[in-house]
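Asks: Based on the provided sequences and hints, a complete structural model is requested.
Which chain is which? The protein sequence lines are A and B, in order. Using this note's numbering, the letters of the first sequence map in sequence onto residues 84 to 200. Using this note's numbering, the letters of the second sequence map in sequence onto residues 82 to 194.
Incorrect hints may have been included.
[Claimed, not checked] Reference listing, derived: stretches of chain A covered by chain B, where coverage requires no fewer than 3 residues with Cβ under 8 Å from a Cβ of chain B: (1) 120-132; (2) 188-200.
[Claimed, not checked] Below, a list of computed lysine-lysine pairs in the PhoX-like style, where the Cα atoms sit at most 25 Å apart: (3) A:151 / A:139; (4) A:187 / B:88; (5) B:88 / A:120; (6) B:88 / A:154.
In case anyone wonders, no lab produced these hints; they're calculated from the structure. Note that CB positions come from ideal geometry on N, CA and C, so glycine has one too.
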Amino acid sequence: DQQVKQNSPSLSVQEGRISILNCDYTNSMFDYFLWYKKYPAEGPTFLISISSIKDKNEDGRFTVFLNKSAKHLSLHIVPSQPGDSAVYFCAAGRRWAGGTSYGKLTFGQGTILTVHP
Amino acid sequence: SAVISQKPSRDICQRGTSLTIQCQVDSQVTMMFWYRQQPGQSLTLIATANQGSEATYESGFVIDKFPISRPNLTFSTLTVSNMSPEDSSIYLCSVEDRTTEAFFGQGTRLTVV
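Replies: As structure tokens, then:
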């Protein structure tokens with residue numbers, strides 16, 4: 084049972100344009116969502132996160148939108164740059180009672196983003 | 082944020098042997114996790130490494146195959162035992178710091194021949 088899904092295995096975008104990466108989840112217990120970027124031969128690098136109490140979080144060129152009713156989130160990159168070319172993973176987790184735990188995550192399959200000059 | 086050092090970065094091993102992967106963090110962290118990324122697949126959580134007690138394994142993963150140690154708050158090891166070609170994957174250590182999101186080591190690329 085794939086609880087976190089990224090249905091687009093790849094995305095190709097022109098430099099300067101917007102990249103939109105999508106993610107769907109099925110487990111309504113998830114209340115924290117993250118995006119990671121991964122280059123070959125490196126571990127995933129944290130990009131941006133959003134709590135279920137928000138519907139938008141912005142950090143520079145990166146914005147994550149959360150639609151809880153649709154169990155859908157998206158990552159917008161504006162403007163896209165060639166250095167953004169990588170695999171992007173969506174991840175979801177739960178806060179533990181009495182604290183937080185971001186480490187026990189369920190990941191999507193990843194989307195390969197290619198930004199052309 | 083903490084710096085994670087994972088060793089080895091890659092290895093090629095014979096089937097039937099075992100490999101121990103080390104994860105060293107430059108500061109004390111509460112939680113440490115081990116993930117696997119099989120070729121073309123997503124990251125899958127193997128287990129939570131608990132300091133001073135037995136690791137907590139996810140469904141489909143067992144201690145006999147993936148024994149884990151966590152002797153202190155900065156170090157953990159994952160052993161892949163009695164390896165077969167199906168164990169060829171990238172193995173990743175992840176840590177949680179209560180002040181930030183989970184972050185990852187650079188991974189260990191294992192090939193079993």
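Asks: Indicate, hint by hint, whether the structure satisfies it.
Replies: Hints, one by one, checked against the model:
Coverage of the region 120-132 of chain A by chain B holds. Counting CB-CB distances below 8 Å, 7 residues qualify, and the rule asks for three or more. Look at the region 188-200 of chain A against chain B: 6 of its residues bring a Cβ nearer than 8 Å to a Cβ of that chain, three or more, so the hint holds. Proximity of residue 151 of chain A to residue 139 of chain A is assessed by CA-CA distance (about 11 Å); at most 25 Å being required, the pair is judged to hold. Distance check on the hinted pair: residue 187 of chain A and residue 88 of chain B sit about 22 Å apart at the alpha-carbon level, within 25 Å; holds.
For the proposed pair residue 88 of chain B and residue 120 of chain A, the alpha carbon gap of about 21 Å is at most 25 Å, so the pair holds. Restraint check for residue 88 of chain B and residue 154 of chain A: the C-alpha separation of about 38 Å exceeds 25 Å, so the hint is violated.
Of the numbered hints given earlier, the model fails hint 6 alone.
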